[in-house]
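Enquirer: Each chain, letter by letter, is given below.
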Amino acid sequence: MSRADIAVVACAELFRGDGEILISPMGFIPALGARLARLTFEPDLLLSDGEAYLLQSPLGPPVIEGWQPFRKVLDTVVPHGKRHVVMGANQIDRHGNQNISAIGDHERPAKQLLGVRGGPGNTANHRTSYWVPRHSKRVFVEHVDVVSGVGFARAREAGLRYHDVHRVVTNLGVLDFGGPDHAARLVSVHPGVSVAEVAAATSFPLDTSEVGESRKPTDEELDLIALLDPKSWRDKEVPE
Amino acid sequence: MTVDEVVAELSDGMTLGIGGWGSRRKPMALVRAILRSPLKDLTVVSYGGPDVGLLASAGKIRRLVFGFVTLDSVPFDPWFNRARESGSIEVTEYDEGVLGTGLSAAAQRLPFLPTRAGLGSDVMRFNPALKTIRSPYEDGEELLAVPALKLDAALIHLNRADARGNAQYLGPDPYFDELYALAAQRCYVSVERIVDTAELTGTAPVQTLLLNRANVHGVVETPHGAHFTTAVPDYGRDERFQRHYAAAAKDPGAWPGFVDRFLSGDETAYQREVARFAEEVA
Numbered sequence: 005m006s007r008a009d010i011a012v013v014a015c016a017e018l019f020r021g022d023g024e025i026l027i028s029p030m031g032f033i034p035a036l037g038a039r040l041a042r043l044t045f046e047p048d049l050l051l052s053d054g055e056a057y058l059l060q061s062p063l064g065p066p067v068i069e070g071w072q073p074f075r076k077v078l079d080t081v082v083p084h085g086k087r088h089v090v091m092g093a094n095q096i097d098r099h100g101n102q103n104i105s106a107i108g109d110h111e112r113p114a115k116q117l118l119g120v121r122g123g124p125g126n127t128a129n130h131r132t133s134y135w136v137p138r139h140s141k142r143v144f145v146e147h148v149d150v151v152s153g154v155g156f157a158r159a160r161e162a163g164l165r166y167h168d169v170h171r172v173v174t175n176l177g178v179l180d181f182g183g184p185d186h187a188a189r190l191v192s193v194h195p196g197v198s199v200a201e202v203a204a205a206t207s208f209p210l211d212t213s214e215v216g217e218s219r220k221p222t223d224e225e226l227d228l229i230a231l232l233d234p235k236s237w238r239d240k241e242v243p244e
Numbered sequence: 021m022t023v024d025e026v027v028a029e030l031s032d033g034m035t036l037g038i039g040g041w042g043s044r045r046k047p048m049a050l051v052r053a054i055l056r057s058p059l060k061d062l063t064v065v066s067y068g069g070p071d072v073g074l075l076a077s078a079g080k081i082r083r084l085v086f087g088f089v090t091l092d093s094v095p096f097d098p099w100f101n102r103a104r105e106s107g108s109i110e111v112t113e114y115d116e117g118v119l120g121t122g123l124s125a126a127a128q129r130l131p132f133l134p135t136r137a138g139l140g141s142d143v144m145r146f147n148p149a150l151k152t153i154r155s156p157y158e159d160g161e162e163l164l165a166v167p168a169l170k171l172d173a174a175l176i177h178l179n180r181a182d183a184r185g186n187a188q189y190l191g192p193d194p195y196f197d198e199l200y201a202l203a204a205q206r207c208y209v210s211v212e213r214i215v216d217t218a219e220l221t222g223t224a225p226v227q228t229l230l231l232n233r234a235n236v237h238g239v240v241e242t243p244h245g246a247h248f249t250t251a252v253p254d255y256g257r258d259e260r261f262q263r264h265y266a267a268a269a270k271d272p273g274a275w276p277g278f279v280d281r282f283l284s285g286d287e288t289a290y291q292r293e294v295a296r297f298a299e300e301v302a
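If you're matching them up, the sequences are chains G and W in order.
Quick note, the first sequence lines up with residues 5 to 244 if you use our numbering.
Quick note, the second sequence lines up with residues 21 to 302 if you use our numbering.
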């Protein structure tokens with residue numbers, strides 16, 4: 005069992021209780037997690053092929069069960085709200101704001117990234133989680149340079165009634181913003197990781213009053229993960 | 021029409037919408053024709069891919085209206101990043117849904133359309149002219165009023181059309197191309213093949229007819245005109261060539277050689293060099 009396997013299961017756990025909604029995982033490990041959840045405890049999840057099709061099952065020859073081109077996603081699926089997206093994050097701050105747009109001054113960035121993409125719309129409309137393959141102080145910052153995904157304080161100010169930032173899964177553990185006044189909280193550390201290690205890799209204070217240990221995969225889950233990722237690409241995204 | 025005739029109908033300072041999505045079904049032959057032209061100071065509206073990078077490389081863009089720029093299988097376009105990091109282009113950065121809402125408003129001839137996307141994010145800080153509007157009904161929700169994103173011209177690449185401009189996509193995704201066409205004063209469509217009208221529905225369901233001739237002002241036949249982006253089912257992305265583009269775009273020493281070989285001649289010369297490149301790396 006590798007650290008990547010733990011991260012895959014932590015991502016799968018993001019979707020527990022989601023039921024019959026669309027899951028849009030960005031990144032290889034979140035995608036594995038979504039497929040694992042779909043094959044085990046959340047059999048009703050809808051999964052796309054990353055393009056315009058919804059696929060019936062993550063295993064076996066692809067069978068199309070739905071059509072979902074990009075315009076339909078933005079026009080209706082996102083505002084309708086039956087969706088849980090897992091986005092990447094170049095920066096996340098203590099309020100749960102996320103940045104994938106640019107580093108530095110937006111007028112003339114030190115490093116241009118993708119742009120805000122769907123971050124503002126996702127966080128205004130439905131459940132949003134984040135995946136960070138390398139937990140570090142460069143990612144977990146006091147203030148993000150650009151607010152793409154909207155955090156709790158700003159969501160309240162803007163009156164975003166459907167704002168629902170759920171969790172952040174990293175290579176070290178799982179965070180949420182469930183502390184007093186939406187304070188950032190360490191929910192669990194992955195087996196072999198200490199609370200101090202996570203705190204040292206985070207620029208803002210974390211509520212560590214109730215830290216658990218991330219669940220280990222079951223034997224059935226390990227078999228499924230191996231089936232879904234026979235070449236172990238997951239270990240490249242999250243090295244030991 | 022030819023690609024150069026289309027570009028001759030465009031003028032400096034225009035707001036130009038470019039269809040497709042990332043590195044998917046981009047009107048690249050038309051973009052390459054712009055690179056060869058003296059056209060300048062464009063405001064480009066795009067779900068950005070290499071169209072944005074190439075136009076930036078030639079200094080054609082004054083302002084970019086975008087939600088992202090990516091080559092999909094390569095995360096960043098080096099030319100777009102260089103343009104941003106050197107401050108050489110102005111930007112209107114929107115959420116990708118907000119961009120579509122602005123095109124919808126223009127397509128429907130409305131001054132704005134409301135949305136929740138963008139509220140609370142830095143889209144509001146970067147674009148201080150954006151205004152919110154309160155629902156006049158009892159919910160009283162405060163929403164973003166996205167102004168109509170009117171285009172002077174739209175450039176789109178589809179799979180088939182007839183000579184009058186009834187145009188068809190055969191892949192799985194129409195992207196936002198219909199909105200680009202309707203948001204624009206003039207819409208130019210390049211296609212893989214111009215066919216008889218009867219052939220359009222002879223081989224594919226009628227729902228694939230995305231644009232009708234009333235919304236299309238010019239059609240150009242440009243086989244492989246979306247290269248190196250996708251135009252499925254006619255062809256997928258040329259990943260090797262895209263990597264070659266990205267590597268050359270990243271390296272100021274290599275770029276003049278790339279331009280010399282691929283972008284200094286006309287479209288026929290481009291396609292000939294691409295075929296040679298494919299043989300070399302095979």
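Simulated from the structure, these hints should not be mistaken for laboratory data.
One or more hints might be untrue.
The list that follows gives simulated cross-link-like pairs (lysine-lysine, BS3-like), each with its CA atoms no further than 30 Å apart [said to hold, decoys possible]:
| hint | chain 1 | residue 1 | chain 2 | residue 2 |
| --- | --- | --- | --- | --- |
| 1 | W | Lys-60 | G | Lys-235 |
| 2 | G | Lys-240 | W | Lys-270 |
| 3 | G | Lys-86 | G | Lys-76 |
| 4 | G | Lys-141 | W | Lys-270 |
| 5 | W | Lys-270 | W | Lys-60 |
| 6 | G | Lys-115 | G | Lys-240 |
| 7 | G | Lys-240 | G | Lys-220 |
| 8 | G | Lys-76 | W | Lys-151 |
| 9 | G | Lys-141 | G | Lys-220 |
| 10 | W | Lys-170 | W | Lys-60 |
| 11 | W | Lys-170 | W | Lys-151 |
| 12 | G | Lys-235 | G | Lys-220 |
| 13 | G | Lys-76 | W | Lys-170 |
| 14 | G | Lys-115 | G | Lys-86 |
| 15 | G | Lys-220 | G | Lys-115 |
| 16 | G | Lys-86 | W | Lys-270 |
| 17 | W | Lys-60 | G | Lys-86 |
| 18 | G | Lys-76 | G | Lys-141 |
| 19 | W | Lys-270 | G | Lys-115 |
Keep in mind that this is a model prediction, so the values were computed, not measured.
Enquirer: The structure should be examined with respect to each hint, and the outcome stated for every one.
Expert: Outcome of the hint check:
| no. | hint | verdict |
| --- | --- | --- |
| 1 | Lys-60/W <-> Lys-235/G | violated, 48 Å |
| 2 | Lys-240/G <-> Lys-270/W | holds, 25 Å |
| 3 | Lys-86/G <-> Lys-76/G | holds, 13 Å |
| 4 | Lys-141/G <-> Lys-270/W | holds, 28 Å |
| 5 | Lys-270/W <-> Lys-60/W | holds, 23 Å |
| 6 | Lys-115/G <-> Lys-240/G | holds, 24 Å |
| 7 | Lys-240/G <-> Lys-220/G | holds, 19 Å |
| 8 | Lys-76/G <-> Lys-151/W | holds, 25 Å |
| 9 | Lys-141/G <-> Lys-220/G | holds, 26 Å |
| 10 | Lys-170/W <-> Lys-60/W | holds, 19 Å |
| 11 | Lys-170/W <-> Lys-151/W | holds, 17 Å |
| 12 | Lys-235/G <-> Lys-220/G | holds, 21 Å |
| 13 | Lys-76/G <-> Lys-170/W | holds, 21 Å |
| 14 | Lys-115/G <-> Lys-86/G | violated, 34 Å |
| 15 | Lys-220/G <-> Lys-115/G | violated, 37 Å |
| 16 | Lys-86/G <-> Lys-270/W | violated, 40 Å |
| 17 | Lys-60/W <-> Lys-86/G | violated, 44 Å |
| 18 | Lys-76/G <-> Lys-141/G | violated, 37 Å |
| 19 | Lys-270/W <-> Lys-115/G | holds, 14 Å |
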